[in-house]
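Those sequence lines, one after another, are chains A and B. Once you know that position 170 of the first sequence is 170 in our numbering, the rest is easy, because the numbers rise by one and skip nothing. Numbers given in our numbering equal positions in the second sequence, counted from 1, plus 266.
Hint data in this document are derived by calculation from the structure and do not stem from the laboratory. Note that the structure is a prediction, hence the values are computed from the model and not measured. Please note: incorrect hints may appear among the correct ones.
[Said to hold, decoys possible] Stretch-level coverage of chain B by chain A, calculated; a stretch enters the list once three of its residues show a Cβ under 8 Å from a Cβ in chain A:
{"#": "1", "stretch": "444 to 450"}
{"#": "2", "stretch": "455 to 467"}
{"#": "3", "stretch": "536 to 548"}
[Claimed, not checked] Pairwise CB distance ranges (calculated):
{"#": "4", "chain 1": "A", "residue 1": "Asp71", "chain 2": "B", "residue 2": "Gln548", "range": "39 to 47 Å"}
{"#": "5", "chain 1": "B", "residue 1": "Gln548", "chain 2": "A", "residue 2": "Ala109", "range": "28 to 36 Å"}
{"#": "6", "chain 1": "B", "residue 1": "Arg540", "chain 2": "A", "residue 2": "Ala123", "range": "26 to 34 Å"}
{"#": "7", "chain 1": "B", "residue 1": "Gln548", "chain 2": "A", "residue 2": "Val219", "range": "22 to 30 Å"}
{"#": "8", "chain 1": "B", "residue 1": "Ala463", "chain 2": "A", "residue 2": "Asp75", "range": "22 to 30 Å"}
Backbone N, C-alpha and C define an ideal beta-carbon position, used for all residues, glycine too.
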Amino acid sequence: MPNSPSLIVDHLSIRYPGSGSNEAALHDVSLRIDADNLVVALGPSGCGKTSLLNAIAGFVTPTFGRITLGDRDIDGPGAERGVVFQDDALLPWLNVLDNVAFGLKLRGAPKHEREARARAVLAQVDLAGFEQHRVWELSGGMRQRVGLARALAADPQVLLMDEPFGALDAFTREQMQELLLRLWQQTGKRVLLITHDIEEAVFLATDLVLMSPRPGRIVERLSLHFGRRYAAGEPARSIKSDPQFIETREHVLRRVFANRSVSAGS
Amino acid sequence: MTTSELSLDEAIFTPPEPAPHQVVTPTAKPTTTLRISLATLGVLLALWWAITTAGLIQPLFLPSPQAVLAKLWLTATKGYMDATLWQHLGASLFRIVTALLAAVLFAVPVGLAIGLSRKARGVLDPLIEFYRPIPPLAYLPLIVIWFGIGELSKILLIYLAIFAPIAISTATGVRNVDPSRVRAAQSLGASRWQLIAQVVLPSALPDILTGIRIGLGAGWSTLVAAELVAATRGLGFMVQSAAQFLVTDVVVLGIVVIALIAFTLELGLRALQRRLVPWQGQMH
Ligand SMILES: Nc1ncnc2c1ncn2[C@@H]1O[C@H](COP(=O)(O)OP(=O)(O)O)[C@@H](O)[C@H]1O
Ligand SMILES: [Mg+2]
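Whole structure, please, built from the sequences with the hints as guidance.
In structure tokens form, the structure reads like this:
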């Protein structure tokens, strides 16, 4: 992508004011998200995943370090960084179409233009025909797709996703993972996705970042290719039953347990 | 391994007993309640009729339902104390509607300011909390000294009664806006004003409407009480002057009309709430 500067997280530390412990929520984390990459941060709760994402999104100010997108320092939220939340965070007084068109409306795009764009993105997330639905009548998976469409419609340079599928049932979650890979392939967007689901992380990531708590830090980085294989057309079942996939998953599992005796799943 | 699988397990282990209740009640409850309420009203009316027709109570103390109905016709056509029932009603409604509009116009921005800014909260919160607990009739004399006994005093009194609940509910609504909604809008590029107008205010709408419902209830009681003290028209005035001349049927008629109006306002606002915020109670 020619018009796609790298997102660089440079020696980032975050310490919340007034939090009792001396421990930093995030300590000396460096990371890059290059064009075309799908970076996944994986770790148990409390290891600073959300803090990392919030700092990149501009919701939280770093205590030390800096975050840059191209030649610009990040110092607040901005439309070039789209965010998808775990709870969909949709606006219930708007229908599906208007929710997706919301970012374009804020920018002052004319009605027909933003609606055409919203329709196109809704079709991309397999929600064509749901334009006029009320968002609170949709299932969790569909709401999450509307949230994804809303972020994509604004055409951000980076997509930030904080445990976007964490509240979904296992079946819907797999569908959403596959949808995300297809969208990533079609749009060429860079993605930072946060999860505590090991299989999800290994399946999706081009760059997998393992994190560990107290203080929150990166303990290992892996370059993976399973997501690219899916995007290139290989069926998910065949990838997930590939011995290489299983071995990687077990390796990550061991690493996560080695860094902390994690209680299952948290 | 993951939380959703864990929660699946929990669902399996929860005892199944509560489920049937939850399935049955939502459909059965509303109609049954309505029927019981109507039956209660019917029984009360029948008792009233029976006691008065049997002559157990003198009409001076409790006139019969027929007498009140007859009086309704008379006050509606001929009037009572130089004004028909409609004129009394109109005077009362004019006061409450004016006060309500003014209160919404000022209390919503004040509530927004309290909810959004620490400074505004520091200035306005103590003012509102100071006057809110005082019964309006306690400061009516002061308002009469300042503004006379004209319409302004009465409308001002009702306005003050409605203002506080709306301002406080609006502030609560603003403070309870889902932070991820705000963040979502910010990362779509919303400016501060866009955020307030297009995210915060609509999010607070359910609370604002609740505030209006509470305020209107308080305003209506204050109105009737204010008219008892100083007025030449209005439902409260009608009841008060009828009481002085022991015209009990007009007193009862007035009370019934006051109750009916309050009830209608409440129903209307509930309908408005269902129309404007149909998602209330449906999310999360
Ligand atoms: N707003 C906050 N104020 C104080 N402490 C916080 C805040 N947000 C997170 N923390 C703390 O920072 C640490 C990392 O939290 P978080 O980034 O949410 O991790 P994760 O998303 O991996 O669960 C935790 O110990 C958490 O308690
Ligand atoms: Mg988190």
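Compare the structure with the hints numbered earlier in the document and write down the numbers of the violated ones, lowest to highest. Of the numbered hints given earlier, the structure breaks just one, which is hint 7.
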